[in-house]
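S.K.: Spelled out, the chains give:
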Amino acid sequence: MAQATVLQKVIIHFAGDSGDGIQLAGSQFTTTTALQGNDLRTFPDFPAEIRAPIGTIAGVSGFQIHFGSIAVDTPGSEPDVLVAMNAAAFSKNFGNLKKGGILIVNESGFDKRNLKLAKLPEDENPLEQIAEGDYKVFNINISQLNRDAVKELTLSTKEKDQSKNLFVLGFVYWLYSRDLAPTLDFLKDKFKAKPVILEANQKALKAGYHYGETIEASERFVVEKADLPAGDYRNIVGNESLSLGLMAAAQKANLELFFAGYPITPASDILHFLARQKNFGVKTFQAEDEISAVTAAIGASFGGALAVTASSGPGIALKGEAMGLAVMLEIPMVIVNVQRGGPSTGLPTKTEQADLFQALYGRNGEAPIPVLAPATPSDCFDTAVEACRLAVERMTPVILLSDGYLANGSEPWKFPKMEDLPAMAAPFATDNGTYLAYARDKNLTRKWAIPGTPGKEHRVGGLEKEAQTGNVSYNPENHEKMVHTRAQKVALMANTYAPLKILQGAASGKVLVLGWGSTYGAIKVAVRWAIEGGLSVSQVHIKHLFPLDTNLGEILAQFETIIVPELNNGQLVKVLNQEFKGRIVGLNKIQGLPFKAKEILEEIEKHV
Amino acid sequence: MSNNETLTSKDFASDQDVRWCPGCGDYSILKQMQTVLPSMGIARENLVFISGIGCSSRFPYYMNSYGMHSIHGRAPSVATGLKLANPDLSVWIVTGDGDALSIGGNQLIHLLRRNLNVNILLFNNEIYGLTKGQYSPTSEIGKQTKSSPLGSIDHPFNPIALALGAEATFVARTMDRDPVRLREVLQQAHEHKGTSLVEIYQNCNVFNDGAFEKYTDKKQRDSTSLFLEQGKPIVFDGGKKGLRLNGLQPQVVELANGYSENDLWIHDSQDATKAHLLSRLFSDADPRPFGVLYQTERSCYEEALTEQMDTSLKTKGTGDMNALIKGKNSWTVS
Ligand code: SF4
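Chains as they are written, first to last, in the working numbering: chain A, 1 to 608; chain B, 609 to 942.
Check each hint, because a few of them may be wrong.
Calculated pairs, BS3-like style, for lysine-lysine (alpha carbon to alpha carbon, straight line, at most 30 Å) [said to hold, decoys possible]:
no.: 1; chain 1: A; residue 1: 417; chain 2: B; residue 2: 924
no.: 2; chain 1: A; residue 1: 417; chain 2: B; residue 2: 922
no.: 3; chain 1: A; residue 1: 112; chain 2: A; residue 2: 190
These aren't lab readings, by the way, just hints derived from the structure by calculation.
All chains, please: the whole structure from these sequences, using the hints.
M.R.: Given below as structure tokens:
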């Protein structure tokens, strides 16, 4: 057998028809790789349609994993390995494959029909155009080999073909020296009730692996364990991490978690995850529309729950009026926006950061709501906890801005223990005196009296409140005072933040790259490269988009140029230019795709 | 104060000045609600009124209980969230024809089908009052208002038929000017387990005065209104007329004219088909039914949710947050 070559990191892109089981193969490769101790980032690329016409480019589903024995911060841009189950998957992704990379294709996916569906010339196989030596090509008749592997099982041909993703996964496992056990365990669990399908999948996985051994001539690779800080790890996807954060915060605050949502991509997985957690006391409500979801959350919050609603941009637009009501009521709730490409229906399955203005300003009247954004899939947990803390302790709605890239991407997570999380307590009205619904403490927070509490009966509503009593008031001075009070109350929250820190580079210098949200990984890599290249560059990443960190101005003042990369047409950069002096420039990408680190590096180089 | 035996109707009145127009039908509804509450045995702290927007929706401010004046059309959803968070509360939704049937139509029908144990008081005045007199989704065709100077061309909703179509489990109709029956219906709505929809004809004396005079005016009402009583034959006009079923057609008959009470339709609010037929008595030529048209038992959403939560707790045990965070595939780096 050929000697295994040690690699530091590898990017593999799995691609095939949306019915080919690509996401399953990708997520299994991820679990296995995580358990083998590599650092990693993943990113799935779903088609917008559930079942776009078979064999077409529109129907290609992709999954990219970047893993290594050294730090990995993004899912990577150009893959080292492309697995293409058909001509469309090849056609869509081949241009990205690194020169000299490995191409694994399913031979039977390149027949006339598939070439036609992929809109390629029907009588020339594109694989034959690849110059010898440019790529290492494995042209395998996966469909046939897989059928052979499961031939003695009593299954229809269609059922047999359904395990071909495991055949190819087995082959990739062999190439990259992965352990089969985690996937075999997973299959046992998944197909408990279907023994024949289970056997087919097990056989296919093993057959793919053995196929690697059989074609001995090929080179094999090893990626050693990464040097991660000591601790307990798991792999986590953003939407799940966010959901766990909400649950953890509710427990910490000793409140019941109530979640109301309406199905929308890419936020629905939060509803799905929480709907399974009834034995944790989590109540979920699938509403008839977005407005009902947010107003049910308002009702639940009025009733004493930690209420949360989640959606994506179009749904958040519908929730706008109710969010204003929550501002007026001053009750704790969290509104999650898993952003996607907009405007309107936009690009439902693609990522974007273009809802920042909507979060900051998208309501009638003066309606300040704190806005937070997580930086990575695992940071969705911490950000959810922080959003809940602010909501509960300061009696306010809070917006959490995630995005499609974070929601579906994954990474290893050094997960915390509940004991390590911050304590939080709601300001319940407990004294026996007269309850004044809008009397405030030193943080301008009002007290919470929930229905069922004797002696604290009161009415709230969307009409302007009289300071202290909360009775309806049309008094001009009172309105102005209340507008200022609500603004001041939110501004004061910045005093509770952990201080903002420079993440890489010196505290002063030529360029500071300032990001927010999911651009974190690409910025981190770009700044690292720039620093390695001897450039005077630093990185800072803000979680609190409103109110901003109190020390942000001081940090910005130490740099000649601030670059703000955003997946929008320049939103945070406008806010910063309004708030601060200095040379603050945007770097914008609006393609529904995350930044590549090299795009950010190129921008840095222009400014140093 | 939570001991209800000592409460009187005054204890349910808040200290806020009531600001409806003098003579508005809302006053009567507020008064009947406050009058009937002490006998319902609801502790004041467990009583919540949730409203949307419109004249009627000021109601919670005048009740000395918990309350929320929410946003236009969404009271059913706010009430749903509240009831799910705390199923022990007695939750009353106060809404109007514009609030419930126009902007909040979706919220209303979905609350009815889910059947949470809450009560809806739908003040129907067939006009937009708070915005100063536009035709509403219950205004009659041809109604001239500021927004329909040549007469409305909108076909009106039949709220009772709509509620039945949305699978409501308690559907009643009553009037602001019929305090005794209004109180009875409120009591029955309270006792019903599930969503109770009470349509209340309410006179807006400023923008739509006399809309229901036909049914409220002492001289006319006997011949125009059917006051339904469970298990009793449907008679009206001082016992001179009755309603019988001719096949599937309701038919008004003169009792002196060859028909006796034995021929009449016996009101059975449990009968969905009959309730549907009653709901279709909606033209000006038909007598209009009042009282409880339909009532049935069906599982309440919040009970079903509690049941799922209990089952989940029994089969899986109390969730361990640390274990959930850890997941099925974790590893340790030392
Ligand atoms: S406008 Fe009509 S409904 Fe509104 S308070 Fe005045 S009389 Fe009553």
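S.K.: For each hint, tell me whether it holds in the structure or not.
M.R.: Here is what the structure says about each hint:
At most 30 Å may separate the alpha-carbon atoms for a hinted pair to count; residue 417(A) and residue 924(B) meet this at roughly 21 Å. The suggested pairing of residue 417(A) with residue 922(B) holds, with an alpha-carbon distance near 25 Å, which does not exceed 30 Å. In summary, the hint linking residue 112(A) to residue 190(A) is not supported, as the alpha carbons are separated by about 36 Å, beyond the 30 Å threshold.
The structure fails hint 3 only (numbered hints given earlier).
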